[in-house]
Amino acid sequence: MANESKKEDGPEEEGGEFADFMADISHEIAQRVESLGPKPKPPREEKKKTPAPTDAGLITEWPNVADRMIEEMR
Amino acid sequence: MSVVNYGTREITCKIVYYGPGRSGKTTNLQHIYSQLPEERKGKMVSLATETDRTLFFDFLPLDLGTISGFATRFQLYTVPGQVYYAATRKLVLQGVDGVVFVADSQSRQLAENIESLQDLHANLADEGFDPRTVPIVMQYNKRDLPAAEISSIEELDETLNFRDVPFFAGTAITGGGVFETLRSVASLVLSRLSAPATKES
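Chains A and B supply the protein sequences, listed in that same order.
So for the first sequence, this note's numbering puts the first residue at 1; every next one is plus one.
So for the second sequence, this note's numbering puts the first residue at 1; every next one is plus one.
To be clear, the hints were calculated from the coordinates, so they are not data collected in a lab.
Bear in mind the structure is a predicted one, so any value in this text is a computation, not a measurement.
Be aware that a few hints might be false.
Non-contacting residues of chain A with respect to chain B, defined by C-beta distances greater than 12 Å in every case (computed) [as the list claims (entries may be wrong)]:
(1) R32
(2) L36
(3) D67
(4) R68
(5) M69
(6) I70
(7) E71
(8) E72
Selected chain A positions facing chain B (Cβ under 7 Å, derived; list incomplete) [to be verified]:
(9) E17
(10) F18
(11) F21
(12) D24
(13) I25
(14) H27
(15) E28
(16) I29
(17) A30
(18) V33
Where is the CB? At the ideal position from N, CA and C, for every residue including glycine.
From just these sequences and the hints, can you work out the full model?
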């Protein structure tokens, strides 16, 4: 036999206890949702450009080229 | 385990009121139901015998509305306390997120409280839960009865609360301790909410 609740009387204080409960729970849920939310990805570092060769066709900034090569190999 | 679903933006938690027969589990739910504002009152379903004892279970869906952009629902269940409804108790415990153990404070009911608590732990283990980690709070109910008939809070706590979980004195028939208990178990459940596993993009 399925019955709905027998209590039909309204609450003495309309939603008083429930309102307090909601206030506490809402705060906790907000905190929890915020702490679990997807974290924004850190901005990607701008790729270093290959140094342009000089007029003589030579690349003189060797350290930068090495960095770029290492990065490309990752 | 309850999960914050960022896809559907929903949070759903299942809380089960457990305890021996006639300890006041249904009365807890009835008080919560009576305090709900009209716009949040769904249907509390009770399956009861002619003598008003829960035959199968009570179910009270508690729609808390949208909180921080998430549709939040607590589903409150009771189990039938009588020993011979063991299968039903096991069924109701499936997917549980938190438990309120409603103990009967009457001294003569102490053995029933212990038996029910052991039954709870056995059923949780059978359902694949680690009973030591499931969020549980204790409610020592019927504190309004004459002092000569009931055990002290200290005695009940020493006997039943070996996990040292939060406990509350209750007089569920008049609402005493009902929302404090619910707030405590809800808080424990929420502290264990997890985000669903997502694929790395």
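Hint check results:
| no. | hint | in the structure |
| --- | --- | --- |
| 1 | R32 | 5 Å, violated |
| 2 | L36 | 4 Å, violated |
| 3 | D67 | 26 Å, holds |
| 4 | R68 | 25 Å, holds |
| 5 | M69 | 26 Å, holds |
| 6 | I70 | 23 Å, holds |
| 7 | E71 | 21 Å, holds |
| 8 | E72 | 22 Å, holds |
| 9 | E17 | 5 Å, holds |
| 10 | F18 | 5 Å, holds |
| 11 | F21 | 5 Å, holds |
| 12 | D24 | 6 Å, holds |
| 13 | I25 | 6 Å, holds |
| 14 | H27 | 9 Å, violated |
| 15 | E28 | 5 Å, holds |
| 16 | I29 | 5 Å, holds |
| 17 | A30 | 4 Å, holds |
| 18 | V33 | 5 Å, holds |
Consistency with the previously given hints fails for numbers 1, 2 and 14, ordered from lowest to highest.
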